[in-house]
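Novice: Residue-level listing of the chains:
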Amino acid sequence: MIHELLLNGPECIVKSEDIWSCLTCDQCSAICPMGIEFSRFVRDARIESAKRGVRGYEAHMGILSSIARLMADSSLTPNILGDWFPSKLKIQDKGEYAYFVGCLPIFDQVFGDYGVKPSDTAVAAVAILNELGITPAVVKDGKCCGHDRLWSGDVDTFMKLAEYNIEAIDRTGASTLITTCAECYRTLKLDYPEYFGKLPFEVVHMSEFLADQINKGNLDYPVTEEKRVTYHDPCRLGRQAKVFDAPRTVIKSVPELDFVEMERSREYSLCCGVSCFLSCNDYAKAIRADRMNEAESTGADVLVTTCPKCQIHFNCLKTEVQFSDSKTKRYDFEVTDLTVLIAKALKLI
Amino acid sequence: MEKNDEEIVGSVLVIGGGIAGIQASLDLTELGYKVYLVEKSPSIGGRMAQLDKTFPTNDCSLCILAPKMVEVGRNPNIELLTYSEVKSVSGKAGNFKVQVLRKPRYVDETKCKACGTCSEKCPRKVKDEYNMGLGQTKAIYTPFAQAVPNTYLINPDECIYFQRGKCRTCEKFCPAGAIDFEQKERIEEINVGAIIVATGFDQFDLTQKPEYGYGRYPNVISALEFERLMCASGPTGGHIVRPSDHEPPEKIAWIQCVGSRDTKVKPYCSSVCCMYATKEAIITKEHDPNAECHIFYIDMRAFGKGFQDFVNRAKEEYNVKYTRGKVSHITEDPKTKNLKLRYEDMEKMQFGEMEVGLVVLSPALIPSEGTKELAEILGINIDSHCFIKEKDEYAQVETNVPGIYMCGYVQGPKDIPESVAQASAAAAKASELLAPARGTLIKTEKKVPEKKISEEPRIGVMICHCGTNIGGFLDCKEVAEYAKTLPGVVYAEDNMYTCSSDTQEKIKQLIAEYDLNRFVVASCTPRTHEPLFMKTCEEAGLNPFLFEMANIRDQCSWVHMHEYEKATQKAKDLVRMAVEKARRLKPIYRQTVEVERSALVIGGGIAGMTAALSIAKQGYPVHLIEKEKELGGKLRSLGKLFLSGKDAQELIQEKLEEINKNENITVYTGVTLKNIEGYIGNFKATIENEEGTKDINIGVIVVAVGAESFKPVGMYNYEKSDRIITGLEFEEAMKAGNLDPGKNIVFIQCVGAREKEGKRTYCSRVCCSTSIKQALTLKEADPERNIFILYRDIVTPGKEYEDFYRKALREGVLFIRYSEDQKPEVKLSKDGKPTVEAYDPLLQRNVEIDADLVVLATPLVPSPDNEKLAPMLKVPLNQNGFFLEAHVKLRPLDFATDGIFLCGTASTPSTIPEAIDQAEGAASRATTILAKGKIETVGITSEVNEELCIGCGRCAEVCPYNAIQMVTCEEQLGEVKIVTRKARVIEAVCKGCGACIAACGSGAIDQKRFEREQILKMIESAVQ
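Chains A and B are the protein sequences, given in the same order. Heads up: the first sequence runs through residues 1 to 349, numbered per this note's numbering. Heads up: the second sequence runs through residues 1 to 1024, numbered per this note's numbering.
It is worth saying that the hints were derived from the structure and are not from the lab. Careful: at least some of the hints might be erroneous.
Said to hold, decoys possible - In silico negatives: residues of chain B with every beta carbon more than 12 Å from chain A:
1) Pro149
2) Gly259
3) Ser328
4) His329
5) Glu563
As the list claims (entries may be wrong) - Only some residues are given here: those of chain A computed to face chain B with a beta carbon under 8 Å:
6) Glu4
7) Leu6
8) Leu7
9) Pro10
10) Gln27
11) Ile31
12) Pro33
13) Met34
14) Phe38
All C-beta atoms, glycine included, are put in the ideal place defined by N, C-alpha and C.
Throw the hints in and build the complete structure from the sequences for me.
Specialist: Here it is as structure tokens:
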């Protein structure tokens, strides 16, 4: 593909199917001795394709991309907080720490019957922050970070969302922005500065924030249930943003949790099977099953991750009839977000 | 004697006892300096001692290394400090004070005879480091059988006594009482004038590449482990078997570049692996012709002398399969422990899976453990990979600290011949610094006057038990008793260790007491021990050539281990034969020949200039002759050099300035070399230039005549368009500023090189880097240019060339691979514009490039003058027409003809830094002769009986050293005078090999100490 592009220019890429079947998980880049970032090449190729009106095949009838495009093009200002957010949690409009919700409540709506409630993560996050004496400025009017738009080649939509979000976050006056989503983290930390220059706030993933708090000795866990736990490195947080240690520090800080690594971990982690809701097919499912099998063989009670998409995708497999039927039950472990795991260990939720 | 801190000390510390350290040490003593050789492991030998065979000749590694190790061990001017480390250094160039930590062996080296009893009895088994952890040794051990020094040692971390206070079994059984648990580590302070670092390499930790399963799958091993498996002295006795079940693998795969050329692990090319993997595959095929051998590689780097031919042989003769494509990962079949490899074949553009029984990984090689700490102690700079940084790209053996030099792998990835050459170069540099103190610390032994001996042979015989090595397998006492009955034998005894120092004293006493005039020792091999006994005889006042040895170990007890009586009888036979010879031995006196203490350097290019300067700086006059009107050689045609970007003309200028300042160098330009005659120490060269004809008398000669650039007439329409030029023509034109390259430039590599047949089968080493340099220069001048490099393999070995290649890739130079069977075509339009057509294997279709300029990268070829020069010097050329050195691996700068040395592209295509190293190395080699001032003959030379000689010349023809001259002379036969030829031996050059004796039909030539009479009588007595 690369050679073809170099010799013959972008036109040859436009019709290529290969660029849409790539997961952009960067497992290849992890091994590449020349240090080539293949996912970036694919993204740039998709941008060229998008310019020529080509779109990849979107799953879930393209609803997520429709919502993102709506958000970008409309003069509507969202209010992301709704019934899902408990009133007893303390938040404010301005503050030193901002929390970026992302698309979590939207996922609740779309993936409700997949046995997963992604907004729990946001609830857990704010609860933990409160416990630490922090009243975060939740970015109520935040829009989708634009990750999927960018990686689908739709740069225009991405730029609109990004420009808006930077301004919205800036209005909170925060010096530190915390997010619980691996993709928002990567996008805010690496892609926003690439397109818009240095940001007026620092971007931190919740796992990094918690690891820091743990190292300072600020988290005190009541005695909790003993469980065996394994951790899945999301592609965006792990290989792409290079955050491997923080989530592990956090898990290991809970004394009753027995942490085991899967066969492929850290930069060799296997992708959850789908990215940007594009090209969800048998290959995606096979890759996912491979990963879930690995989790199963660790004997873990809980599979923890730090990306709501991974969480959704794993639950998608878990709740398939063939696996959830009592006779042929498989993957009989919880699939949980790290922040929720910790909030539960702290008995906050 | 306290030395003043300002005084220059005539000794050198060499850190590291591998082949580089060994070569540097030997050169230094010959140059007149004392050497302290510090080695952290218990024996010298380094990595080379662990290899089975060496490419491209497949010589047994230890067999060619051991004689050098022995030479170091018995050299009175090398103090061998093994099992020791450098702890601190102070002072400056010319006068360093070094503290060396001597680790305790817990064995007294003056008493230990290396009999092996302690190790046999020791109950504690330990993983064997020499065998890369594959075999087992004991807590008390010697690293390998040929270790120098061959003193055993105890590993205190494994020894039961040191760990738990019990055992001491070794002490109970040691017949020499050599065990000493009370030994402590101690610091020795030494004072030296210069330091040479030669600390070599390790394999990197392969568990860092988990996709290959090293450390998890038992049948995935590293290259050095495989060497130990192949080696007859290894843990499996030389049977190549899988670690999991000890069965022979039917299919073996080698994976190249594991960790090398990898920006995530080691970005450089380890430079030796393509060749050693090929060698390992060939040796495997020799062990088992039915084994399937597959090598997975990215680019095949066979750039040294004879390397490409070696790889071709592997493919054609041995059917080794080469697949271009890296293996992405390996999985294991849990039942059979076979490995499944997944790879992409980049020539067929197909994915493949292969199941093999054994996988050998070629790991990245890294500077050895402790290099970083040593660099800190010495204050020398290292790069991020712990290679030591050279002071300057054109002074590779110098570090940033004056007086501290380096050589071998620690300077950068290189193979054995390059390490040996660089070691000699480091010795030269140290010698330049310490020249005022030359010879001040060298021991010269006082000769004991020879005693008068009686006519009648009075023979003394000693039968050695060699511990249990001989005594355990035959009856030494019986053999000694038998010896007493032989005619001429006045005294005979058997003893435990004839080679021990106390026995040497005893031998001297016996010679005096019994008035012995011949001595026979029946023990081990003369290869290692004859010089020792000969020296003992000399010290007793007995001519050393009146000594004879019988080998009743290697030739008897070792090969007849289960036949006590028969072995005893054979030992008796061998002793009888030796006594028969001894009776007929005559004293021999070595001749000394004076050496003319000056040198001739033929060729004034970068190599010639460097060699001349080095010899001159060491204090000897040099005559530098050059055929062109100016010095500089091929560098005069070059612009900016890779990798430094330095201007070639600037480099020439620097050398010229030094030459002009140095009074020891006389330069002759525009010279034709008319004749050379003579021999080592006494050459005469006749030169002619516009000033007339002149005879120059010199002692040594350095050949630095360089090479030519090949003009590919008939290839790629070269001669049909001025837009199709060679790499050198491109360089010259760009330098002159009279070429507009245009926008689209295509380089074609390997034009007229690496051919299947003919003289140009080799890789010319420098063309890939040259084209990359030229491409980068073009790109930097105009980034809009489209530059293509069409290649077969990209050859960028060494520590920084891979980065250079990556730079070109990042700048947008497009590399398109072509195969030997599907070469590109250059078509010309009517107005002479070239279009290049090639098949792109990645796209799997043809591409057409309209080029403004096509640059053909052609090889360096030998100068046509070589055909005249070689016979004049009486040195050989190889099958490609380059000069042929004495030994491809261990004597790359020497000719077999004594006194003549070789460097630069006259030997093989080289980069400029390599040529400089070779030149300094050749200077070192040449100066060892000038420093000694005289040559001693070997003694066992051949002699011609001129009465019997018919002048057929067969002896001169077979002599490998050109030591026999055919001389015309007049003979008076009665009243008739005839003109005839006679053979005359040049004693100074004769090595005593005996080939002439075998060739002589009339029996006119005979060899001292191995005379026909002596040998025939030995044979007769054998069949008595």
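Novice: For every hint, state whether the structure bears it out.
Specialist: Going through the hints against the structure:
no.	hint	verdict
1	Pro149	43 Å, holds
2	Gly259	9 Å, violated
3	Ser328	7 Å, violated
4	His329	9 Å, violated
5	Glu563	58 Å, holds
6	Glu4	6 Å, holds
7	Leu6	6 Å, holds
8	Leu7	6 Å, holds
9	Pro10	16 Å, violated
10	Gln27	11 Å, violated
11	Ile31	7 Å, holds
12	Pro33	3 Å, holds
13	Met34	6 Å, holds
14	Phe38	14 Å, violated
Hint check: violations occur at hints 2, 3, 4, 9, 10, 14; the rest are consistent with the structure.
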